[in-house]
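Novice: Protein chains in written order, with the UniProt record's numbering: chain B, 1 to 470; chain H, 1 to 495.
The set of hints was computed from the structure by calculation and includes no laboratory data.
Any given hint could turn out to be false.
To be verified - So, partial list: chain B residues that the calculated Cβ filter (under 10 Å) puts toward chain H: (1) Ile55; (2) Lys77; (3) Leu81; (4) Ala117; (5) Met128; (6) Ala132; (7) Trp154; (8) Thr156; (9) Ala295; (10) Lys297; (11) Ser305; (12) Thr308; (13) Gln309.
Don't be surprised by glycine CBs; every beta carbon is placed ideally from N, CA and C.
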Amino acid sequence: MKQLSTKVTSNGHGQDSSYFLGWEEYEKNPYDEITNPNGMIQMGLAENQLCFDLIESWLAKNPDAASLKRNGQSIFKELALFQDYHGMPEFKKAMAEFMEEIRGNRVTFDPKKIVLAAGSTSANETLMFCLAEPGDAFLLPTPYYPGFDRDLKWRTGAEILPIHCSSSNGFQITEAALQQAYQQAQKLDLKVKGVLVTNPSNPLGTALTRRELNLLVDFITSKNIHLISDEIYSGTMFGFEQFISVMDVLKDKKLENTEVSKRVHVVYSLSKDLGLPGFRVGAIYSNDEMIVSAATKMSSFGLVSSQTQYLLSALLSDKKFTSQYLEENQKRLKSRQRRLVSGLEAAGITSLRSNAGLFCWVDMRHLLDTNTFEAELELWKKIVYNVKLNISPGSSCHCTEPGWFRVCFANMSEDTLDLALKRLKTFVESTDCGRMISRSSHERLKSLRKKTVSNWVFRVSWSDRVPDER
Amino acid sequence: MVSLATEKKQDLNLLSRIASGDGHGENSSYFEGWKAYEENPFHPIDRPDGVIQMGLAENQLCGDLMRKWVIEHPEASICTEQGVNQFSDIAIFQDYHGLPEFRQAVAKFMEKTRNNRVKFDPDRIVMSGGATGAHETVAFCLANPGDGFLVPTPYYPGFDRDLRWRTGVNLVPVTCHSSDGFKITVEALEDAYEKALLSNIPVKGLLMTNPSNPLGTTLDRECLKSLVNFTNEKRIHLIADEIYAATTFGQSEFISVAEVIEEIEDCNRDLIHIVYSLSKDMGLPGFRVGIIYSYNDRVVQIARKMSSFGLVSSQTQRLIAKMLSDEDFVDEFIRESKLRLAARHKELTTGLDGLGIGWLKAEAGLFLWMDLRNLLKTATFDSETELWRVIVHQVKLNVSPGGSFHCHEPGWFRVCFANMDHKTMETALERIRVFTSQLEEETKPVAAAPMMAKKKKKCWQSNLRLSFSDKRRFDDGFFSPHSPVPPSPLVRAQT
Numbered sequence: 001m002k003q004l005s006t007k008v009t010s011n012g013h014g015q016d017s018s019y020f021l022g023w024e025e026y027e028k029n030p031y032d033e034i035t036n037p038n039g040m041i042q043m044g045l046a047e048n049q050l051c052f053d054l055i056e057s058w059l060a061k062n063p064d065a066a067s068l069k070r071n072g073q074s075i076f077k078e079l080a081l082f083q084d085y086h087g088m089p090e091f092k093k094a095m096a097e098f099m100e101e102i103r104g105n106r107v108t109f110d111p112k113k114i115v116l117a118a119g120s121t122s123a124n125e126t127l128m129f130c131l132a133e134p135g136d137a138f139l140l141p142t143p144y145y146p147g148f149d150r151d152l153k154w155r156t157g158a159e160i161l162p163i164h165c166s167s168s169n170g171f172q173i174t175e176a177a178l179q180q181a182y183q184q185a186q187k188l189d190l191k192v193k194g195v196l197v198t199n200p201s202n203p204l205g206t207a208l209t210r211r212e213l214n215l216l217v218d219f220i221t222s223k224n225i226h227l228i229s230d231e232i233y234s235g236t237m238f239g240f241e242q243f244i245s246v247m248d249v250l251k252d253k254k255l256e257n258t259e260v261s262k263r264v265h266v267v268y269s270l271s272k273d274l275g276l277p278g279f280r281v282g283a284i285y286s287n288d289e290m291i292v293s294a295a296t297k298m299s300s301f302g303l304v305s306s307q308t309q310y311l312l313s314a315l316l317s318d319k320k321f322t323s324q325y326l327e328e329n330q331k332r333l334k335s336r337q338r339r340l341v342s343g344l345e346a347a348g349i350t351s352l353r354s355n356a357g358l359f360c361w362v363d364m365r366h367l368l369d370t371n372t373f374e375a376e377l378e379l380w381k382k383i384v385y386n387v388k389l390n391i392s393p394g395s396s397c398h399c400t401e402p403g404w405f406r407v408c409f410a411n412m413s414e415d416t417l418d419l420a421l422k423r424l425k426t427f428v429e430s431t432d433c434g435r436m437i438s439r440s441s442h443e444r445l446k447s448l449r450k451k452t453v454s455n456w457v458f459r460v461s462w463s464d465r466v467p468d469e470r
Numbered sequence: 001m002v003s004l005a006t007e008k009k010q011d012l013n014l015l016s017r018i019a020s021g022d023g024h025g026e027n028s029s030y031f032e033g034w035k036a037y038e039e040n041p042f043h044p045i046d047r048p049d050g051v052i053q054m055g056l057a058e059n060q061l062c063g064d065l066m067r068k069w070v071i072e073h074p075e076a077s078i079c080t081e082q083g084v085n086q087f088s089d090i091a092i093f094q095d096y097h098g099l100p101e102f103r104q105a106v107a108k109f110m111e112k113t114r115n116n117r118v119k120f121d122p123d124r125i126v127m128s129g130g131a132t133g134a135h136e137t138v139a140f141c142l143a144n145p146g147d148g149f150l151v152p153t154p155y156y157p158g159f160d161r162d163l164r165w166r167t168g169v170n171l172v173p174v175t176c177h178s179s180d181g182f183k184i185t186v187e188a189l190e191d192a193y194e195k196a197l198l199s200n201i202p203v204k205g206l207l208m209t210n211p212s213n214p215l216g217t218t219l220d221r222e223c224l225k226s227l228v229n230f231t232n233e234k235r236i237h238l239i240a241d242e243i244y245a246a247t248t249f250g251q252s253e254f255i256s257v258a259e260v261i262e263e264i265e266d267c268n269r270d271l272i273h274i275v276y277s278l279s280k281d282m283g284l285p286g287f288r289v290g291i292i293y294s295y296n297d298r299v300v301q302i303a304r305k306m307s308s309f310g311l312v313s314s315q316t317q318r319l320i321a322k323m324l325s326d327e328d329f330v331d332e333f334i335r336e337s338k339l340r341l342a343a344r345h346k347e348l349t350t351g352l353d354g355l356g357i358g359w360l361k362a363e364a365g366l367f368l369w370m371d372l373r374n375l376l377k378t379a380t381f382d383s384e385t386e387l388w389r390v391i392v393h394q395v396k397l398n399v400s401p402g403g404s405f406h407c408h409e410p411g412w413f414r415v416c417f418a419n420m421d422h423k424t425m426e427t428a429l430e431r432i433r434v435f436t437s438q439l440e441e442e443t444k445p446v447a448a449a450p451m452m453a454k455k456k457k458k459c460w461q462s463n464l465r466l467s468f469s470d471k472r473r474f475d476d477g478f479f480s481p482h483s484p485v486p487p488s489p490l491v492r493a494q495t
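Make the full structure from the sequences, and use the hints.
Specialist: Given below as structure tokens:
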């Protein structure tokens, strides 16, 4: 064992977590409508499979891009040789404009500040290599995407410290939680290099409010540290609210072109918004020249295939397509989310009111035997092995409260979703809690509706629809 | 008000040492030649006096065959009418195992390029972001920060970045000499191993490139066996970079380490790893198809998890799977590529022979290892750099100086030939001819036409003055050519 590195012999890849074990179970017995109707339904995969028809129809109308041609002439050879780590200029321009469009064209992105990477997995790791020494820490609000344990820590040697968020305020980031996390780092003698947030959040399915974003920018300003905003789900916002990017906040606070703006970095990818995770298209956006320069050189370890860059630069340069796509994508996501939420309610299950993402943050605390993570794992195993739904337990996302689960809705057909909800309802009804529900279902639903409304009211009070909220 | 100096210092503190340092190696002379080319690239019509790129090891000779295949096989693309029914399945495919058909096709291709003398198991094939990504991943798997890999010199300068930059691993040179054709000897290996231990660098492996970059030579069976025996005995890893496997031509034969381990009893296969890519053999560097092939199950498992940081685009996996499954095409491609490489190589070597310029006898790779030792003023790397600058800025050929490959002896240059057409090669040879004849004039005694000779001498001298002013311009941030990055303790000890 000494012949291999400690990265190999330890379990820093994080893949022994239940998040990944659920996937493995799914692989062994995957649901198929015809060939395996009793198989496991995959609800642990945050994929956007709702809009392929739009892309396929675009391809049919754009044969040149589809067959690696320009003006009818094959440019295969040119693409085959293109390995410049600066990336294709037309692709970066198209990415910058797409990112602007998602943000309502309120902010601008300079293509020269974009660094391409092999997916946001690679983008996040590269940023860590640029910003942190081994042993340095980044603060992350919990719950967070389990993949960060691998992407941010494994090969970089960086540490993650949690910013504890709780259901009492809809898991929003508070000043107290930020300060506590920072102090905890100091107690552990860890140097904090920055904060990393996912906005919209995975696994919560909510966009950060303006209040939270202001808080974050103020916090990193006062501590002289970095802020990484992973905005991979920015194009999946389907709620009433507009998506507010950290770039919006810098602009509104008149912090553009300041020293603070050089410490704010955005990570993006086309894996979620366009549903193209297989193409490995990630990006880092930074106002700091040195970071752009270093990250560009590091991108040699994971460049985007030139074949893919060419196709997507044509796709994203078609503004008619992008605006139609973004609108339709949001409509379909909203409709699918509603379907999941009402199906869950019918089973007596509520979820955090979401306005973005490809999943809901579902509250199953009432189904736990005890308010413990052991009980959560027991419940999860029942849902995976008996109900045959792969959902992700909150503990795998480092949630501090047991009983929350992430349930994806955009990676399956409506029929499959309906079947999953049916199975879940049957399961809940078979438990003690479920029997209680059926006895006083009317009362319970009434109180559930109240709870849902109060959640909604609670979040709206923090949103930027209140004009003097600044 | 914070001063600029303080602000800059603060800036540096906000970045990691990796980001603010020079571990990327791009201040080396290797890249300066590229910059000269980028500022003034040769074009037969638009820029006939531009710099000809002979520093880029690319295989551009069979692009037409590839292009033709792609046009004739629209079903290989997931975007065409014929292939779009696969679009959504491929677009969501991000499984780090890779498409099974991709792995099978790559395994088959690796077998073909080794004349079907060995079998490769598709389940051991792990993807990476080009060979660049593959090398870094292998380093992360086999070594901890501070450990070392032995690397025979001269070696590809990119290794300084790929194996060291973010991993913290050291490279320990194994010195090879022109006196025996730069062979890797067991003595040199033992010597390097001892020196590493004395410098407190635990040696974790030996990395060799076969066929060699920059030499263009292939290792014979005996030498390969001795390398395997050495690493086996020392219980260290052997990493064989076989990226140029299919670029052998003429009489030269490529023997893979995969073949040799079958012939060695008690070979610990957990120590054997191959790095591969389609960038050179197929001329597809833009598609970023890197491969790690390890005989060590645990390394396969972990490298596969690390491949999440550099998976091959599924769109590309699918195209490659289709292309490499077309066995007739692959056979024709490999055959034709070898013929064209041989022809271009012959053109260059015939030209150099005619000018009395020496080169290392080799028949593989996309480049030549040219011997200009007799043109050096003194047998030093300073002299080599001076000569190199003249070649880049006056002869206008971007060739790569041996010092940037950590060559032990000054005066050698790597010259690429597979990235240009016949006319450009002719132009390059003509420029070399003019340059060497100018040098001859320089050394001719002043005789019958004293005025003319004096005039010519003046030209050469003024050229020299130009080269000195260039030196001043490049002094900022320019490190010594044979240590583009802060050298490891071992190299410092030697020099």
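Novice: None of the hints should be skipped; say for each whether it holds.
Specialist: Hints, verified against the model:
Evaluation of the Ile55 of chain B hint against chain H yields a held restraint, the C-beta minimum of about 7 Å falling below 10 Å. At its closest, the beta carbon of Lys77 of chain B sits 4 Å from a beta carbon of chain H; the interface hint therefore holds under the 10 Å criterion. Checking Leu81 of chain B against chain H: minimum C-beta separation of about 6 Å stays under 10 Å; hint holds. Because the smallest distance between the Cβ of Ala117 of chain B and any Cβ of chain H comes to about 9 Å, under 10 Å, the interface hint for this residue holds.
Because the smallest distance between the Cβ of Met128 of chain B and any Cβ of chain H comes to about 8 Å, under 10 Å, the interface hint for this residue holds. Taking 10 Å as the C-beta contact cut-off toward chain H, the hint placing Ala132 of chain B at the interface holds, the least distance being around 6 Å. The criterion of a C-beta within 10 Å of any C-beta in chain H is met by Trp154 of chain B, whose closest approach is roughly 8 Å, and the hint holds. A cut of 10 Å between beta carbons decides the hint on Thr156 of chain B: the least distance to chain H is about 8 Å, and the hint holds.
Interface hint at Ala295 of chain B: satisfied, since its Cβ lies 8 Å from the closest Cβ of chain H, which is below the 10 Å cut-off. At about 4 Å, the closest approach between the beta carbon of Lys297 of chain B and any beta carbon in chain H falls short of 10 Å, and the interface hint on this residue holds. Contact between Ser305 of chain B and chain H, as hinted, is supported at the beta carbon level, the nearest pair being about 4 Å apart and thus within 10 Å. Here the hint on Thr308 of chain B is kept, as its CB sits about 5 Å from the closest CB of chain H, short of 10 Å.
For Gln309 of chain B, the interface hint holds, the least distance from its beta-carbon to any beta-carbon of chain H being 9 Å, beneath 10 Å.
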